[in-house]
Amino acid sequence: MTMNLETAAHPETLRRVAIEPVSRVEGHGKVTLLLDDDDRIHQVRLHIVEFRGFEKFIQGRPYWEVPVMVQRLCGICPVSHHLAASKALDQIVGAKNLTPTAEKLRRLMHYGQILQSHALHFFHLSSPDLLFGFDSDVARRNIVGVAQAYPEVAKQGVLLRKYGQEVIRLTAGKRVHGTGSVPGGVNKNLSREERDLLLADIYQIIAWSREAVALARKLYEQSPALYDDFGRFDAHSLSLIRADGALDLYHGGLRARRKDGSTVFDHVNYDHYWEHIFEEVKPWSYMKFPYLRELGPEDGWYRVGPLTRVTQCDFIPTPFADHERRDFLAYGGGSAAGATLGTHWARMIEMLHSAEAIKELLHDDDLLGDDLVVTGERQERGVGMIEAPRGTLIHHYRVDDDDVVARCNLIVSTTHNNQAMNESIRAVARKYLDGRKLTEGLLNHIEVAIRAFDPCLSCATHALGKMPLIVELVDAEGRQVDSLSSGSL
Amino acid sequence: MNAPTEPTRKLRVATTSLAGCFGCHMSFLDIDERLFDLLPLIEFDRTPLTDIKHCGPCDIGIVEGGICNAENVHVLREFRANCKVLIAIGACAVTGGLPAQRNHLDLADCLQEVYVTEVSLSKGGIPNDPELPLPLDKVHPIHEVVKVDYFIPGCPPSADAIWKFLTDLIAGRTPKLGHGLISYD
Ligand code: SF4
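From first to last, the protein sequence lines are chains H and L. Every letter in the first sequence is one number past the one before it in the numbering used here, and letter 244, counting from 1, is 244. Count along the second sequence from 1, add 1000, and you get the number used in the numbering used here.
Incorrect hints may have been included.
Computed cross-link-like contacts, PhoX-like style, restricted to lysine-lysine with a CA-CA straight-line distance of at most 20 Å [what the hints assert, rightly or not]:
| no. | chain 1 | residue 1 | chain 2 | residue 2 |
| --- | --- | --- | --- | --- |
| 1 | L | K1053 | H | K30 |
| 2 | L | K1084 | L | K1147 |
| 3 | L | K1123 | H | K282 |
| 4 | L | K1084 | L | K1053 |
| 5 | H | K174 | H | K188 |
| 6 | H | K174 | L | K1164 |
| 7 | L | K1084 | L | K1176 |
| 8 | H | K282 | H | K30 |
| 9 | H | K218 | H | K155 |
No lab work stands behind these hints: they were computed from the structure.
Just chain L, same shape as in the assembly (with noise of 0.2 Å):
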């Protein structure tokens, strides 16, 4: 699969894991060499790999994880307020994924054994800091929260998924992904 030819304008992308593990960063890096390519046609604005903290305006917008506390709200909304397009990339993103396993559970008991009753615990005691953000009872799919415009399913979705979807729409195409590309693990 070839690159698109360079535009005149390059594209500007932003990413972000909220509730995510970073695999679906990681399979985005797992386009290996392909990157090279990838970086005449675009200039990353906030990701984890640049030093850029909030996002600005920006054509593609793509978001790891689902939302479990109030700070990923907030990064969530200001990537749907700078993002013309917005993609959730992952199981996490598209459902909620692994974490909202936590879902069906008591949140008092978790903390009581996590921080206060585990074995391995001299001191115990529940962090409640105002500097860690707000964490929300229930972890959510990103789409309950803003509009998403595309969803790549996958535990990770594979780097050729990852490729072709985001050549696809650089070269201003419908972005599919056909057999073999698509998986629900």
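The shape of chain H in the complex, shown without the other chains (with noise of 0.2 Å):
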């Protein structure tokens, strides 16, 4: 079986098994597998099967409400569009430059947010699956399961998930959904009582941070071969990059890599992002496909998140995290920095970065200052990027004269790995489940392969979708409350 998997030839003759909904995800998608009857695979689909709308009703709202209203799109990481949006709206406002405190405290609460969300994914969502085998019992295959059979690492899964939230409650006012940063700044600074309070836990979460980078590494090297090939493609690479190559996650230029390693762009400024990254739509998902303007529609699509930010930065710039990110491109010969499972490893050292910048964040008196928002000449346009916990996020606005939005576009992290994805469970399909008889372990191999980018399937489905057919709604009577026909387009 040597087709991409894509699009079968013959579908109508095809038997259809669905993974619906994939669970331990955020989010809604379903994989779809058409079979002929010896069980061969004929064609696999990751599917983004919700819409919301957002860029369209975003339009006509006043500016100054985007970065609150905007974080309703995903509860995993609000504060990451929260930031995305805030930095485009610096631009609006024309803050060219942020005061060190209001810069430093959106920084803390983005690592806040990392930790948080790397800790929820690896260890309430992923680690059932690395624990326990893939195809263990769906019983136990769940973090309840992991609290019983290993209650230490699950209690520091929540604690450290825990503290991230802490971090984003005194930084943005509210664990999900705060309003701390605004155009042009933020709203509030920590006082020096919330500063205490949050170092009196730090090096006790470096330290659980550092315990996490070392199961991840253990459970790959359990498994080496397992986990070298599990899932694995290649794949162009995409993501933020400070000016000096080192690993940033609030704010650089952007660096696109080709599979070979060779550069396609480097520190190119993201404000004209569009001369680089296209995208497309395919009928079968709301999720758009993005590429690489340069190396165009069909082999320009590319991978962003832990694994390219790990990999293709010069350095990280913490010292314990930079010690596990050479550890992880030695590891061997490098057969971890290209797998899809190596993605929890690289994830896990992210988390220990964040907990280390938080830590060198929370000594700097700046936290404390006064001098929170700046204004300069207003502008039309703003384009705020930055690295979100599952990859690189783009938020691009048009704000008229009259101070309403006029255009949004956004670009969430789990579209730029549409196509990655959808490569990752074709390469399992090929290898785990074609020709044999599907079993529910089977078919989990496809969503372990799919945990392992981390996708937000709940900010991915942003844009409204059509209706091919009528449907009713009736409500409890059986009144009719809403219906809709494709004519009605």
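Fit chain to chain and form the complex, with the hints in mind.
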């Protein structure tokens, strides 16, 4: 079986198997497989099945509402949207350079976000597969099972996430959907008491993050052949990078590399991202398919996220994490650095980096400063980019003279990984499922590959969709409350 | 606040996110280490944390998010049919929430803009595969489709509110959220 598995030649003759919903991920998605009578697989697709319309209904709203509203796209990483939108609106209000207090508070908030999201993903969502096995008992394959079999691991996961959420609460005002960042800066600083509260636990958090890296590494080392190869595919890569080549999750220029490691572009100002990134629509998913214009629509798709960032930065600017990065790159002659399951290891390295970065910031008195907001000459367009937990996130707004939003475009992290995730599950299908009787455990292999990306199918669904048929919605008493047909479009 | 004592039988709990952002589920996880106090008292059926794909008979069903497509309706009905007590958690489930902002828009315009005329798009076209569930032209709160036993407002409700509510319910008390636990953000 050599086809790329995206589209079967004769779907009408094939049997359909669906994984619905994809579980232990954030958001709503499903996978469909088309098989023939001999259980050979002809088509594998990850569909994003929901839609929001955010880009449209944000139009006409005053621009200052945007950083608060946009978080409701995603409750897992609301801070990423909060900050990407704020960065775009910094440009709108002409805030060229934020005050040190504002920039550092936003960074603190962001590192708290990375910490909690990476902990959630590794411990609550993915560790059951990694600790128990991909086809282990469904009843146990979840965080409750982990809490029973590995109570210390579960406890540390919960407390790591808690710490990240506390950082967010103290910088944004609220754990989920806070309001700390505003166009041009922030609306509160950190008090001495709040700072000391966070300082009291940070050394424990760093220690646990180091243990988490060790655990991710140990799991890899226990089954190197499986981990090296599972869902593996070659991809170009994209991430933000600091001017000196350091990993920087909050700000930088764009770096893109080809599969062979050669440079496509480097340190590119993201203000004109559309000169480098285009998107295509495929009829079977509400999530678009982006690609690098330099490489064209066929071959130009790429991977973003922890694996890309840790691999393509020149160094990590905190000591423990950089040490782990070097070990990660050296492992198996570089085999983990390109492996889908190596993403978990890279993710834990980033979590450690975030913990270290939080510690450094907490020792910086700028956090306590009073100079919070700057403004400048009003601009019409603003682009904000950030490295969210799952990868590069783009927010782009046009705000007219009347201060209301006229246009909005978002390219979220999971969308960048759309083709990559599809490639990965096709690799898994080819190797593990093709020609076999499909069991629950085998189907979970597909989800294991999807989970490595930590996709947020929730924020990937901000676009609106079409209704191809008629649907009627009746209430609890059988009265029709809504109906719709393709004709109404 | 102490966890109630261990019951003779664990209560079975299912949760789902319909047209929501998962923020309400996050707020549930924000009970932090109190999760470990809860685990002896409950067991999870279908939730985003387990790999159970369909809801079976349950004592408590918790629904985040409103209804935006046919698939949501299907899942919601399955929850109502299986859960003795059904709870709408968060603004989206209670009122439609932020996703309902699209209710005043014309769908054709939205589709055109997002999938066809958007500037960063080289090849457009409106997705229409049968695998994609049919969207409704409005986002609805869940009580418009099934009977709902309890509503917890907030975007999201705080972890303390969720904790108080669940521990009351598990202990057999009528859940009561007092001052400071009810929010309408
Ligand atoms: S109520 Fe708020 S937090 Fe809950 S799902 Fe809706 S937007 Fe998210």
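The hints, checked one at a time:
For the proposed pair K1053 of chain L and K30 of chain H, the alpha carbon gap of about 11 Å is at most 20 Å, so the pair holds. Taking the CA atoms of K1084 of chain L and K1147 of chain L, the gap is near 11 Å; set against the 20 Å cutoff, the hint holds. For the proposed pair K1123 of chain L and K282 of chain H, the alpha carbon gap of about 9 Å is at most 20 Å, so the pair holds. With a C-alpha separation of about 19 Å, the suggested pairing of K1084 of chain L with K1053 of chain L holds against the 20 Å cut-off.
Between K174 of chain H and K188 of chain H the alpha-carbon distance is near 12 Å, which keeps this suggested pair within the 20 Å criterion. Proposed proximity of K174 of chain H and K1164 of chain L is supported: the alpha carbons are some 18 Å apart, at most 20 Å. Pair hint K1084 of chain L plus K1176 of chain L holds up; C-alpha atoms about 19 Å apart against a cutoff of 20 Å. Taken as a hint, the K282 of chain H and K30 of chain H pair is honoured in the structure, with Cα atoms around 16 Å apart against an allowance of 20 Å.
For the suggested pair K218 of chain H and K155 of chain H, the alpha carbons sit about 19 Å apart, so the restraint of at most 20 Å is met.
Figure legend: structure checked against the earlier numbered hints; every hint is met.
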